[in-house]
Every structure is written in C-alpha cells, then in structure tokens.
Amino acid sequence: DTEVTQTPKHLVMGMTNKKSLKCEQHMGHRAMYWYKQKAKKPPELMFVYSYEKLSINESVPSRFSPECPNSSLLNLHLHALQPEDSALYLCASSQEGQGRSTEAFFGQGTRLTVV
Amino acid sequence: LAKTTQPISMDSYEGQEVNITCSHNNIATNDYITWYQQFPSQGPRFIIQGYKTKVTNEVASLFIPADRKSSTLSLPRVSLSDTAVYYCLVGQTNSGYSTLTFGKGTMLLVSP
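Heads up: the protein sequence lines correspond to chains P and C, in order.
Throughout the first sequence, residue numbering follows this note's numbering, covering 13 to 127 in sequence.
Throughout the second sequence, residue numbering follows this note's numbering, covering 0 to 111 in sequence.
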C-alpha cells in the first residue's frame, strides 16, 4: 500500500465553523507533512511531524492546528478561517532517514472553500 | 535551502522528447536533486532523484553535470497525459524528515 488517503476530498465551511481534515498512511512512514496550495502556485509547507512530534511550524496562523494521534494519522483542525484560506490542502509522508532526500508520497488533497 | 530556477512553461507534441532544465547554482554538497510531477487538483508525484551523472527509470532520465549547478529532466516520447507541472527540488533529509521546498515549476503542455 503506497497510498496517502485524505478525507474529505472537498469541504465548504463558514468562517465560524470548526472542521478537521484527516490524513492516513500505512507505509510505516514516520515523517508526515501538511502543505497548502493556492491556485496556480506551488505547494507551501505548513507543518512537519517526525515520530509523532511537531518538528516544523512554518509560522502558520493558530486557526490551523495540527495533530498527530499516532504514526499513521495526521489531522488538521480548522477554526475561524478566512476566505483567503481557501486552497488545496495536501498531506504527505516519507520514510525517516538521514542524508538522502527521501521520496515523499502525497495524498490527493482536500479542496477547502471558506465562505 | 538551494533555490531552483526553471522555465515557466514549455510546449511539445506527442511522441517528442522533452528536456526541462533546472538551475540550482547554490546546491550544497549533500543535496540531492528530485523531480515531481503534478496534475491539476492532485498531489505531486515523485518522478526521479539523483545526485550526480545520469539516472534513468521507467518514466524519465535525469542528467546532472559534474558541477551539479543544473540538472535536466528528460521525458522520452511524451503523450497527452504528460501534460502537467514539473517541479525541480534540491535538498536532503535531516533529523528524519525532508523539508521539500517547491519552486514555481514548469507547466508542460503536450499537444496532438
């Protein structure tokens, strides 16, 4: 199984709503990532988890709250978002390692629209 | 992290070979060069990775000159389904994870 599964595929939420994006992988990868991608732009790194611990937060606003409950799951909790947060949210995972840049596996993404 | 520069777009026809060159003048000694492909509304997909000289797999070849300041992704005999954005990334894994930094990418359009 070389898949990263993201749910839901599409999400529309109001600015006062609370919602969560979910990501799951069963490849035994211990590094997991959240990226945000706006239309016609490259993916931008938001968070990195390594061995279920938050290793990198790229100065992401607190209305985005990541969580890694176990080595297979990664969540992104959303609260009080703004319309400009509308984007494709991508989850990825990779094997832990040193030196060689490891292959990252990406999910299909969640298309988020904030109204 | 090494910055990469690629052409914004390229056009080709079915059956042709396509070469996309990426410039990475400040690549570090331990950095690897990796290429990803992305279709609209999908996550990026790993294509190929190399450190020096030439690497070939079932979908592409990667040519890296001795100074490693550039690299060329070669797609043999492209088809319409190769229309996508191609990203060149330079980096390495530290402390158990890779911080993939995507540049602007190259939009490849393959026409009949």
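Please note that a few of the clues may not be correct.
[As the list claims (entries may be wrong)] In silico DMTMM-like pairs for lysine to aspartate or glutamate, Cα to Cα no more than 20 Å straight-line: (1) P:Lys52 to P:Glu108; (2) C:Lys53 to P:Glu79; (3) P:Lys21 to P:Glu36; (4) C:Lys103 to P:Glu36; (5) C:Lys53 to C:Asp66; (6) P:Lys34 to P:Glu79; (7) C:Lys2 to P:Asp97; (8) C:Lys68 to C:Asp10; (9) P:Lys52 to P:Glu79; (10) P:Lys30 to P:Glu96; (11) C:Lys51 to P:Glu56; (12) P:Lys52 to C:Asp10; (13) P:Lys31 to P:Glu115; (14) C:Lys103 to P:Glu15; (15) P:Lys53 to C:Asp81; (16) C:Lys2 to P:Glu70; (17) P:Lys52 to C:Asp81.
[To be verified] Each pair of labels, with its calculated beta carbon distance range: (18) C:Phe38 to P:Leu85: 21 to 27 Å; (19) C:Thr82 to P:Lys21: 18 to 24 Å; (20) P:Gly26 to C:Lys53: 49 to 55 Å; (21) C:Thr52 to P:Glu96: 30 to 36 Å; (22) C:Gln15 to P:Glu96: 23 to 29 Å; (23) C:Ala27 to P:Met27: 41 to 47 Å; (24) C:Asn24 to P:Lys50: 38 to 44 Å; (25) P:Asn82 to C:Pro75: 41 to 47 Å; (26) P:Glu96 to C:Asn24: 42 to 48 Å; (27) P:Glu79 to C:Tyr50: 17 to 23 Å; (28) P:Leu66 to C:Asn25: 26 to 32 Å; (29) P:Glu96 to C:Thr82: 27 to 33 Å; (30) P:Glu70 to C:Tyr12: 25 to 31 Å; (31) P:Lys50 to C:Ser110: 34 to 40 Å.
[Unchecked claim] Far from chain P, some chain C residues (derived; all Cβ distances over 12 Å): (32) Glu13; (33) Ser22; (34) Gln48; (35) Thr71; (36) Gly104; (37) Val109.
Derived by calculation from the structure, the hints in this document are not laboratory data.
Predicted model, so just to flag it, every value in this text is computed and none were measured.
Where a beta carbon is used, it is the ideal one built from N, C-alpha and C, also for glycine.
Hint-by-hint comparison with the structure:
Taking the CA atoms of lysine 52 of chain P and glutamate 108 of chain P, the gap is near 30 Å; set against the 20 Å cutoff, the hint is violated. With a CA separation close to 40 Å, the supplied pair lysine 53 of chain C and glutamate 79 of chain P exceeds the 20 Å bound. Pair hint lysine 21 of chain P plus glutamate 36 of chain P holds up; C-alpha atoms about 13 Å apart against a cutoff of 20 Å. For the proposed pair lysine 103 of chain C and glutamate 36 of chain P, the alpha carbon gap of about 28 Å is over 20 Å, so the pair is violated.
With a CA separation close to 13 Å, the supplied pair lysine 53 of chain C and aspartate 66 of chain C stays within the 20 Å bound. The straight-line distance between the Cα atoms of lysine 34 of chain P and glutamate 79 of chain P is roughly 10 Å, inside the 20 Å bound, and the hint therefore holds. Simply put, lysine 2 of chain C and aspartate 97 of chain P have alpha-carbon atoms about 26 Å apart, too far for the 20 Å limit, and the pair is violated. As the CA atoms of lysine 68 of chain C and aspartate 10 of chain C are separated by approximately 24 Å, the hinted pair breaks the 20 Å bound.
Annotation: proposed proximity of lysine 52 of chain P to glutamate 79 of chain P is violated, straight-line Cα distance about 28 Å (limit 20 Å). A distance of roughly 16 Å separates the Cα atoms of lysine 30 of chain P and glutamate 96 of chain P; the hinted pair therefore holds under the 20 Å criterion. With a C-alpha separation of about 27 Å, the suggested pair lysine 51 of chain C and glutamate 56 of chain P falls outside the 20 Å cut-off, and the hint is violated. At most 20 Å may separate the alpha-carbon atoms for a hinted pair to count; lysine 52 of chain P and aspartate 10 of chain C meet this at roughly 17 Å.
A C-alpha spacing of about 30 Å is found between lysine 31 of chain P and glutamate 115 of chain P, which places the hinted pair above 20 Å, so the restraint is violated. The straight-line distance between the Cα atoms of lysine 103 of chain C and glutamate 15 of chain P is roughly 25 Å, outside the 20 Å bound, and the hint therefore fails. The suggested pairing of lysine 53 of chain P with aspartate 81 of chain C holds, with an alpha-carbon distance near 19 Å, which does not exceed 20 Å. The straight-line distance between the Cα atoms of lysine 2 of chain C and glutamate 70 of chain P is roughly 18 Å, inside the 20 Å bound, and the hint therefore holds.
This hinted pair checks out: lysine 52 of chain P and aspartate 81 of chain C have alpha carbons roughly 18 Å apart, not beyond 20 Å. The hint said 21 to 27 Å for the Cβ distance between phenylalanine 38 of chain C and leucine 85 of chain P, and at roughly 26 Å that hint holds. A C-beta distance of roughly 22 Å is found between threonine 82 of chain C and lysine 21 of chain P, which places it inside the suggested range of 18 to 24 Å. Restraint check, glycine 26 of chain P to lysine 53 of chain C: a C-beta distance of roughly 53 Å satisfies the suggested window 49 to 55 Å.
At about 44 Å, the beta-carbon gap between threonine 52 of chain C and glutamate 96 of chain P misses the expected band of 30 to 36 Å. At about 40 Å, the CB distance of glutamine 15 of chain C to glutamate 96 of chain P disagrees with the hint of 23 to 29 Å. Checked against the hint of 41 to 47 Å, the pair alanine 27 of chain C and methionine 27 of chain P passes, with Cβ atoms roughly 43 Å apart. The hint said 38 to 44 Å for the Cβ distance between asparagine 24 of chain C and lysine 50 of chain P, and at roughly 27 Å that hint is violated.
The supplied range of 41 to 47 Å is met by asparagine 82 of chain P and proline 75 of chain C, whose beta-carbon atoms lie about 42 Å from each other. Taken as a hint, the range 42 to 48 Å is violated for the pair glutamate 96 of chain P and asparagine 24 of chain C, whose Cβ atoms sit roughly 34 Å apart. Look at glutamate 79 of chain P against tyrosine 50 of chain C: about 36 Å separates their beta carbons, and that is not inside 17 to 23 Å. Checked against the given bound of 26 to 32 Å, the beta carbons of leucine 66 of chain P and asparagine 25 of chain C, roughly 29 Å apart, stay inside it.
The hinted window of 27 to 33 Å between glutamate 96 of chain P and threonine 82 of chain C holds, with their beta carbons roughly 29 Å apart. Between glutamate 70 of chain P and tyrosine 12 of chain C the Cβ separation comes to about 40 Å, which falls outside the hinted range of 25 to 31 Å. Take lysine 50 of chain P and serine 110 of chain C: their Cβ atoms lie about 27 Å apart, and the range 34 to 40 Å is violated. No beta-carbon of chain P is positioned within 12 Å of the beta-carbon of glutamate 13 of chain C; the least distance is around 25 Å.
Every C-beta of chain P lies more than 12 Å from that of serine 22 of chain C, the closest at about 16 Å, which supports listing it as non-interface. Glutamine 48 of chain C, annotated as away from the interface, has a beta carbon of chain P within 12 Å; the closest lies near 7 Å. With 12 Å as the threshold on Cβ separation, the claim that threonine 71 of chain C sits away from chain P holds: the shortest Cβ distance comes to roughly 18 Å. Some Cβ of chain P comes within 12 Å of the Cβ of glycine 104 of chain C; the nearest lies about 6 Å off, and the non-interface call is violated.
The beta carbon of valine 109 of chain C is kept farther than 12 Å from every beta carbon of chain P, the shortest such distance being approximately 19 Å.
Of the numbered hints stated above, those contradicted by the structure are hints 1, 2, 4, 7, 8, 9, 11, 13, 14, 21, 22, 24, 26, 27, 30, 31, 34, 36, listed in ascending order.
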